[in-house]
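Participant: Once you have looked at the hints, place chain P on chain U.
2 protein chains.
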Amino acid sequence: MQITKNPPRENWNSLTDRPVKEANDLTTIIKEVFDNVNEQGDKALKEYTLKFDKANLSNFKVSQDEINAASTSLSLELKEAIALAKNNIEVFHSAQLTQKKVIETAPGVSCWQEMRPIEKVGLYIPGGTAPLFSTILMLGIPSKLAGCKEIVLCTPPNAKGEVNPAILYAAQLVGVTNIFKLGGVQAIAALTYGTESVPNVYKIFGPGNQFVTGAKQYALTQGVAIDMPAGPSELMVVADQLADPAFVASDLLSQAEHGHDSQVICVANTIESLVAIEAEVTAQLAVLPRRDMATSAIANSQLVLIENTMDQIDFINEYAPEHLILNVQNENLYLDRIVNSGSVFIGPYTPESAGDYASGTNHTLPTNAYARMYSGVNMDAFTKKITFQKLSKEGIESIGSAIELMAEAEGLQAHKNAVTLRLESLKK
Amino acid sequence: MQITKNPPRENWNSLTDRPVKEANDLTTIIKEVFDNVNEQGDKALKEYTLKFDKANLSNFKVSQDEINAASTSLSLELKEAIALAKNNIEVFHSAQLTQKKVIETAPGVSCWQEMRPIEKVGLYIPGGTAPLFSTILMLGIPSKLAGCKEIVLCTPPNAKGEVNPAILYAAQLVGVTNIFKLGGVQAIAALTYGTESVPNVYKIFGPGNQFVTGAKQYALTQGVAIDMPAGPSELMVVADQLADPAFVASDLLSQAEHGHDSQVICVANTIESLVAIEAEVTAQLAVLPRRDMATSAIANSQLVLIENTMDQIDFINEYAPEHLILNVQNENLYLDRIVNSGSVFIGPYTPESAGDYASGTNHTLPTNAYARMYSGVNMDAFTKKITFQKLSKEGIESIGSAIELMAEAEGLQAHKNAVTLRLESLKK
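Residue numbers (the working numbering), protein chains in the order written: chain U, 1 to 428; chain P, 1 to 428.
So that you can see chain U by itself, here it is in the shape it has in the complex (with noise of 0.2 Å):
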């Protein structure tokens, strides 16, 4: 790992800048996956799942026996592992729901918002070596607590037409409404326009690769809204002089580990603590399951050394880091001037680890910079906010003149009419 000692402000973009990525430009693929799916229906995913997936199926749907058997077939610890994330996933999740607010914005004026469920929510999970079960917990917990009604889960078979068990009994236990055994464009293009068997949602969230997160694009050019634009997952850990290296490199190798193109990005304000730091990744990394791919994403982070707490905070901001972890003693000098994160991990016993799966917050979390306008997925991403108003015949008078005044300087005279008459009939 490169180690950039007190880089100039205008050298930062150089080290905050994200891995290139692939400039592929997969539309054609994918509107052609979409058009034959919105044509032809079960017909098309068939072939797909044939052409993609190797696997020859003539029903989609995962049966109550698939799911059963796969609750069988998981241990008891790990399913009492599952139980404690749901809780605090729930526990944290269900603190967001807002009871409504009536605001006397004038007198007889009241207004006020609340909260309703998006009634038909999507959720795709990829396969692949790892099952990503905890994702199911992440986006189908929230949207029960939504109210959200139905709540499709799409997931790749393997070759034999199976899905990992552990991610069907995460879904039955979380309330997931129908699991496909759909991946790829297929799965996103049925969920948009709907199929003779899957049913179309309004807004479809998961992670995915180049095909899945394109396709997830172009649903939402087909009236589809998404859970937020994808890139490579990344994280940014400062650590001051009191900060175990052991600790730091397990956290930066903990996201290393994701893909090659993970990005991590180490600040500390000694030299001594990054030369610890790169030594204990080095030794760490040797002896990791999945350490081709942590090796290379280890190639595109940084190690910087930044004396000065104000410019390392400035240093976040401008990175607007995924996940943040703040091992140093002093946080409070950083939390409120953190402007642009996902999600921030305080001191030394909060990995990011501790999110990726039980503390209860979220971890589908917006990447490459886009902190500085998405949130992360909570329970605004399965609801909507509909604003009431109700004046009554105080609140017109109070207001009314107002609104004449400012329809007729707009030249909508009709606006003004429907207040005018009003006025006039309290007059009688």
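Because the hints were derived from the structure by calculation, they are not lab data. If you're wondering where the values come from, they're calculated on a predicted model, not measured in any experiment. Heads up, a few of these hints could be off.
Copies of the same chain look alike in the list, so a pair counts if it works inside one copy or between any two.
30 Å max Cα-Cα, derived DSBU-like pairs, lysine-lysine [what the hints assert, rightly or not]: (1) 393 - 79; (2) 86 - 427; (3) 393 - 86; (4) 427 - 79.
Facilitator: Positioned in the frame of chain U, the structure of chain P alone reads:
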């Protein structure tokens, strides 16, 4: 207007269909303008402003002298009306700011969310006949309350290089940082990339014609966020037999005067109401200054008899109206059951105009059935929420082994290791 009596559910689709949009593909022209602005900066802006707005400007930024002159030219009456609206909008939106609420999800595990401003936002206000200064209040006031540091307004000049004084007055009143005389695709491109004179922003808000809304969609692909997808404005009114037909007709027309493609739907529980409302629409329409526009919009519109209240509610939720007026006595039967709508106006004295201008709620709302998954603009739109978490030694001990088990089951050994190292250090 067509009256439809008790339509069967399978025909609701045909009544709630939005007017077909022009399917012009503007991508080529939009991409060309974006590329030129990205490469040539102010030079490209100058050329496009001359070409499209016929204004030859050497400087896009509105000067303090121009702002002062605008303020002098407005009537005291109108300024007072704007001040009243501003106050109500501030009261309603500031009540949406949330304080952090620390949740102890497990012993020693503290988690919370905090709101942070989006640091740089861009507001677009169209030119043309109706100077939409009310939209500046609706976008500028919450961005200021949120704490956005840079609030950049773009609005097209007339051929003399001037901007409507009400727009300038409202912009300085709410605290816009910089006002630029820029319109159309080039304005959105400038906000996306930044130029020598225009700063780039992280999120773009505001209405516009098909070029501007296309440009906002394109900006989204360039890494900028936008408020929401756009469509023609729409209103649904539910009237019971006690609703004054003149009030209902005035509300329908206030929506219809927005544009040729606006849509209004009126639902009533008696045929007598519908007949009376139609007669009032005809009478009021005849004397409107914008009757040409309102007449086309009324042609897109529907009068629908639905006698049963629960059926009416299902019809509302299927349409997902941007604006919903409930001009009924038994409002409580409706309110909790409304799931899909942007903003709801309750009772005989709450015209849509109230929320358009001065009640305090926001008038930037989801159209085109997007109310199924998007909120209108509120404080959430100008902020994002960061999650924070801090585990004590007790905290990592209480959830550590669950994290280890789950990480292992997902095949992520480094994630597990970050916890194991900490648990072991506590055993020493």
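Participant: Work down the list of hints and note, for each, if the structure agrees.
Facilitator: Hint-by-hint comparison with the structure:
no. : hint     : verdict
1   : 393 - 79 : between (59 Å within a copy, 24 Å between copies)
2   : 86 - 427 : between (60 Å within a copy, 27 Å between copies)
3   : 393 - 86 : between (49 Å within a copy, 21 Å between copies)
4   : 427 - 79 : between (69 Å within a copy, 26 Å between copies)
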